[in-house]
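There are 2 protein chains.
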Amino acid sequence: MTFGILHGVSVGPGDPELITLKGLKILQSCPVVAFPAGLQGRSGVAEQIINSYLKPEQIRLSLKFPYVQKEEILEQAWQEAAAEVWPYLEKGMDVAFACEGDISFYSTFTYLAQTLKSNHPQLGINYIAGVSSPFAGASTLGLPLTCQEEKLAILPALYCPEELEKALDWAEVVVLMKVRLVYGQVWKILAKRGLLDQAWLLEKISTAEEKIYHPLSHYPQLSLSYFSLMLIKQNQNKIGRI
Amino acid sequence: MTFGILHGVSVGPGDPELITLKGLKILQSCPVVAFPAGLQGRSGVAEQIINSYLKPEQIRLSLKFPYVQKEEILEQAWQEAAAEVWPYLEKGMDVAFACEGDISFYSTFTYLAQTLKSNHPQLGINYIAGVSSPFAGASTLGLPLTCQEEKLAILPALYCPEELEKALDWAEVVVLMKVRLVYGQVWKILAKRGLLDQAWLLEKISTAEEKIYHPLSHYPQLSLSYFSLMLIKQNQNKIGRI
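Those protein sequences? They're chains B and F, same order as listed.
Read in order, the letters of the first sequence are residues 1 to 242 in UniProt numbering.
Read in order, the letters of the second sequence are residues 1 to 242 in UniProt numbering.
Note that these hints are calculated values from the structure, not bench results.
We put the beta carbon where it would ideally sit given N, CA and C, even for glycine.
Among the hints, erroneous ones may be present.
[Said to hold, decoys possible] List time: in silico BS3-like cross-link candidates among lysine-lysine, alpha-carbon distance up to 27 Å:
#  : chain 1 : residue 1 : chain 2 : residue 2
1  : F       : Lys211    : B       : Lys25
2  : B       : Lys55     : F       : Lys204
3  : B       : Lys192    : F       : Lys151
4  : B       : Lys211    : F       : Lys204
5  : B       : Lys166    : F       : Lys166
6  : B       : Lys151    : F       : Lys117
7  : F       : Lys151    : F       : Lys192
8  : B       : Lys117    : F       : Lys70
9  : B       : Lys188    : F       : Lys166
10 : F       : Lys25     : B       : Lys151
11 : F       : Lys64     : B       : Lys64
12 : B       : Lys211    : F       : Lys25
13 : B       : Lys211    : F       : Lys151
14 : B       : Lys151    : F       : Lys204
15 : B       : Lys178    : F       : Lys151
16 : F       : Lys117    : B       : Lys211
17 : B       : Lys192    : B       : Lys211
18 : F       : Lys166    : B       : Lys178
[Unchecked claim] Sample of chain B residues lacking proximity to chain F, with all beta carbon distances greater than 10 Å (derived):
#  : residue
19 : Pro16
20 : Thr140
21 : Thr207
22 : Tyr226
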């Protein structure tokens with residue numbers, strides 16, 4: 001008996017039209033579609049993005065991935081998610097996992113895929129790339145994210161101010177993912193370096209709730225949602241004439 | 001009289017199905033479609049990607065952007081490209097510029113858009129984000145590009161080995177764009193750091209001519225094409241179990 005394929009489908013940053021043709025085709029061709037569960041019973045971001053594309057006959061699996069750091073809790077959640085998906089794959093049914101942004105970029109899919117692959121080494125896994133939020137953010141702003149010889153540094157949720165200092169020393173363009181918890185610290189570093197007017201803060205890019213904060217000199221404090229992203233362009237005055 | 005809109009449409013890394021629904025819709029709705037000319041009379045990469053989507057009645061503009069560093073030659077080429085596009089915009093016709101990868105990421109579009117905007121400040125410009133090659137490369141390999149607390153450094157065409165050393169000191173994951181001209185230097189740095197087996201070299205991702213080189217210990221020298229990309233995952237043994 002041949003297993004089904006596990007497809008990791010990138011569904012983009014928020015606007016349902018930012019899914020790729022390939023992603024949509026695979027999403028609609030799988031009898032089973034999985035996605036991360038939302039908080040407090042609400043739909044998750046990936047589910048909201050793909051909702052209008054799914055057909056009634058497709059089985060939907062809402063998988064729980066807790067927002068915690070503790071390894072044992074995470075490991076258990078991954079095993080539970082894998083156990084929900086596996087029976088379909090075992091029967092030969094393809095499963096599409098819908099992931100906001102890009103499937104390879106800080107994606108929950110990585111852990112689900114690794115857990116399933118570790119339990120069932122013969123499982124076939126297919127990744128479909130998509131639009132990730134730093135690029136969508138630059139397009140929203142009408143800014144070139146990088147040009148010419150600019151280097152780009154991307155930091156995940158930032159817990160240590162030294163990491164940002166090092167990134168700013170090294171790269172002309174710095175992106176901070178999920179900046180919510182460290183915004184105050186980041187603001188002080190940008191203020192010290194005179195970069196408040198060369199930084200853009202974006203929330204929920206390409207959705208109806210999108211917000212843009214700029215220049216940051218107006219916003220020393222902000223109460224942000226989980227999907228908040230900062231772009232810092234140190235050379236913006238020099239080369240960003242748009 | 002209202003000007004037409006200039007749309008920068010990301011068409012993805014090579015596979016025509018990796019364009020977004022939004023990108024395709026805008027591309028097909030514009031009476032004029034522009035793209036960078038290929039070398040020696042051949043079709044350029046963006047043109048190849050979108051060719052099957054275009055309708056006979058759409059006007060095609062093949063714009064020349066020379067592969068040189070010299071500022072005056074570049075500036076002149078941007079002005080010439082702008083002069084080819086402007087008459088359509090001036091008549092109120094929308095123009096879609098098709099760009100391989102993502103429109104904000106080391107894109108020729110930046111210079112065309114800046115030149116037109118500088119000549120005609122009222123011009124409306126619309127950016128449509130897309131799939132960029134580092135993400136498409138990770139999906140091709142079935143690797144998570146970044147996970148957990150990993151930092152990502154992306155370098156453009158690399159002319160100075162110290163830049164790579166600094167990137168490897170700072171980030172767990174390093175991507176080198178257009179690595180062709182410096183491959184030999186890069187190989188030596190990776191060899192010194194014991195990273196040859198944690199680096200992947202990809203050419204012409206997601207096209208029929210795609211090639212993957214790994215482990216790099218087998219390839220101290222390579223004759224590469226322009227679209228060559230390297231992914232280096234320093235922690236791969238620790239977290240990349242796929």
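Query raised in the report: Taking only the CA atoms, is the gap from lysine 192 of chain B to lysine 151 of chain F under or equal to 27 Å?
Result: 23 Å, holds
Query raised in the report: Is the hinted pair lysine 166 of chain F and lysine 178 of chain B satisfied, with a Cα-Cα distance of at most 27 Å?
Result: OK: lysine 166 of chain F and lysine 178 of chain B at ~25 Å, within 27 Å.
Query raised in the report: Does the structure keep lysine 188 of chain B and lysine 166 of chain F at a Cα separation of 27 Å or less?
Result: It holds: about 25 Å lies between the C-alpha atoms, which stays within 27 Å.
Query raised in the report: Holds or violated: are the alpha carbons of lysine 166 of chain B and lysine 166 of chain F at most 27 Å from each other?
Result: 10 Å, holds
Requested in this report: Measure nothing beyond the straight line between the CA atoms of lysine 211 of chain F and lysine 25 of chain B; if it is 27 Å or shorter, mark the hint as holding.
Outcome: 25 Å, holds
**Report entry** 27 Å limit on alpha-carbon distance, applied to hinted pair lysine 64 of chain F and lysine 64 of chain B
**Finding:** 51 Å, violated
Query raised in the report: Are the Cα positions of lysine 178 of chain B and lysine 151 of chain F separated by 27 Å at most?
Result: Holds, because 13 Å separates the two Cα atoms, which is no more than 27 Å.
**Report entry** Given pair status - lysine 70 of chain F, lysine 117 of chain B, alpha carbons within 27 Å
**Finding:** 50 Å, violated
Report task. Starting from lysine 211 of chain B, check that the Cα of lysine 151 of chain F is at most 27 Å away, please. Result -> 25 Å, holds
Query raised in the report: Is the nearest CB of chain F more than 10 Å from the CB of threonine 207 of chain B?
Result: 14 Å, holds
Query raised in the report: If you draw a straight line from the CA of lysine 151 of chain B to the CA of lysine 204 of chain F, is it 27 Å or shorter?
Result: Satisfied, since the Cα-Cα distance of roughly 22 Å is no more than 27 Å.
Query raised in the report: Is the straight-line distance between the alpha-carbon of lysine 25 of chain F and that of lysine 151 of chain B 27 Å or less?
Result: Roughly 32 Å between the alpha carbons, so the hint for lysine 25 of chain F and lysine 151 of chain B is violated.
Hint violations for this structure: numbers 2, 4, 8, 10, 11, 19 and 20, all remaining hints satisfied.
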